[in-house]
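Asks: Fit chain P to the known structure of chain D by using the hints.
Protein chains in written order, with the numbering used here: chain D, 160 to 252; chain P, 14 to 344.
Just so you know, the hints here were simulated from the structure itself, not pulled from any lab data.
A couple of the hints might just be wrong.
Here are the computed distance ranges between Cβ atoms for each label pair [as the list claims (entries may be wrong)]:
no., chain 1, residue 1, chain 2, residue 2, range
1, D, D227, P, D211, 56 to 62 Å
2, P, L95, D, P185, 25 to 31 Å
3, D, K161, P, L187, 35 to 41 Å
Every residue gets a Cβ at the ideal spot worked out from N, C-alpha and C, and that includes glycine.
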Amino acid sequence: MKRLDLIFSERELDDVLSALEEAEVPGYTVMKHATGRGPERIVTEDMEFTGFGSNAHVIIFCEQEIIDKIRENIKTVLNYYGGVAYVSEATPL
Amino acid sequence: MGQNLFIQNALSPPILFFFLGAIAYALKSDFEIPAPLPKLFSLYLLLAIGFRGGIELQKSGFGYPVLPTVIAAIFMSLLIPLICFLVLRLKFDVFNAAAISAAYGSISAVTFITAESFLESQNIPFDGFMVAALALMESPAIIIGLLLVKFGASKDRPIKRKMKWGSILHESMLNGSVYLLLGSLLIGFLTSAIDPSDIKKMEPFTGELFYGAECFFLLDMGIVAAQRLARLNKTGAFLVMFSIFMPIVNAILGSVVARFLNLDPGNALLFVVLCASASYLAVPTAMRMTVPEARPSYYISTTLGLTFPFNIIIGIPVYMGLVNTMIPSIG
Numbered sequence: 160m161k162r163l164d165l166i167f168s169e170r171e172l173d174d175v176l177s178a179l180e181e182a183e184v185p186g187y188t189v190m191k192h193a194t195g196r197g198p199e200r201i202v203t204e205d206m207e208f209t210g211f212g213s214n215a216h217v218i219i220f221c222e223q224e225i226i227d228k229i230r231e232n233i234k235t236v237l238n239y240y241g242g243v244a245y246v247s248e249a250t251p252l
Numbered sequence: 014m015g016q017n018l019f020i021q022n023a024l025s026p027p028i029l030f031f032f033l034g035a036i037a038y039a040l041k042s043d044f045e046i047p048a049p050l051p052k053l054f055s056l057y058l059l060l061a062i063g064f065r066g067g068i069e070l071q072k073s074g075f076g077y078p079v080l081p082t083v084i085a086a087i088f089m090s091l092l093i094p095l096i097c098f099l100v101l102r103l104k105f106d107v108f109n110a111a112a113i114s115a116a117y118g119s120i121s122a123v124t125f126i127t128a129e130s131f132l133e134s135q136n137i138p139f140d141g142f143m144v145a146a147l148a149l150m151e152s153p154a155i156i157i158g159l160l161l162v163k164f165g166a167s168k169d170r171p172i173k174r175k176m177k178w179g180s181i182l183h184e185s186m187l188n189g190s191v192y193l194l195l196g197s198l199l200i201g202f203l204t205s206a207i208d209p210s211d212i213k214k215m216e217p218f219t220g221e222l223f224y225g226a227e228c229f230f231l232l233d234m235g236i237v238a239a240q241r242l243a244r245l246n247k248t249g250a251f252l253v254m255f256s257i258f259m260p261i262v263n264a265i266l267g268s269v270v271a272r273f274l275n276l277d278p279g280n281a282l283l284f285v286v287l288c289a290s291a292s293y294l295a296v297p298t299a300m301r302m303t304v305p306e307a308r309p310s311y312y313i314s315t316t317l318g319l320t321f322p323f324n325i326i327i328g329i330p331v332y333m334g335l336v337n338t339m340i341p342s343i344g
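Just chain D, same shape as in the assembly (with noise of 0.2 Å):
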């Protein structure tokens, strides 16, 4: 079982979201206001008025072959707009 953690702007969420579908995912968790620091800026909430707002952080926990399926899809859209995707081992209890 993989784990994939995917944190970028909460404006391609939907594109991000779509890219899971498509790969059929089991299922996601989705949360939003996620603030921090990028390379390029502060990530807060109070830009949120501007449509510049915070983070998404998404989960994924699923098999491998899912995450070939959705590997280049995520690529492309982080790749244009920012963000980052990383892929762990999980355990389940």
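Replies: Frame of chain D, contents of chain P only:
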């Protein structure tokens, strides 16, 4: 232009609330406004000025001075980014120069609203149709910024970053703030034409609450502007100078056009403010989507951290003086 104009402007409730927010940040107060509220208030302000503008537009019709003013406003939002681009290319690559230029070619609705409050406090009349100019100045600057990237740096962009004009036009003309402003303008226009009694029903919401909502929004803007100001050290002296002097240059250009259009002083000030202000609503989000090579810290920190506070605190009284000089009948 007297010193009084500065003092009266600086001591008006919206500006005092702006200072209150900025001071809270400077003094590290734990005061904060939950994130959805400023968004809600910004939407409210756009709805209210759009609706009221639509009513006024219905009253004034599309003859003189409405149509020439709107056309001139669109022309300025095409011209100003080109001038800004020429200046910014002295120090920046095409991507950053184009993105910053687009922000300065576009407008700030809150600066416009603050200028309206200033005119009201000075008992200087103005027309609601200027909102139409406000709404129509957002998109052209975005398109010019993107054309500058397309023609200035198309060889430097990977294939996957080639312009998708459909999505660009969609973003520049239908982004949330432009959509709401234009939609409210149309609703105000139709309401005024079809059943003016409905205007009265809307009045407590779009009229009486407006000034308080503006103050509340400026309180938040004070916090955000102070944060951005604190991060300006990364942008460099050139951009700091640009963000103060370019609005003044744009204001001078705007006042020449306002004189040419023979606008009344109130409308002339609003026209000048539109030319001098810089966008932090529609343009940054559009630029981030379409020109991700540009650094948001450049076009966000300068527009919000310097140009916006400069315009509302010092700029508006200075521009009023400029208008009084250019249109001497009231000077």
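Asks: Kindly confirm whether 56 to 62 Å is satisfied by the beta carbon distance between D/D227 and P/D211.
Replies: holds (58 Å)
Asks: Using the beta carbons of D/K161 and P/L187, state whether their distance is inside 35 to 41 Å or not.
Replies: Cβ of D/K161 to Cβ of P/L187: about 38 Å, so the range 35 to 41 Å holds.
Asks: Given a hinted range of 25 to 31 Å, is it respected by the beta-carbon distance of P/L95 and D/P185?
Replies: For P/L95 and D/P185 the Cβ distance comes to about 52 Å; the hint is violated.
The structure does not agree with numbered hint 2 stated previously, though it agrees with all others.
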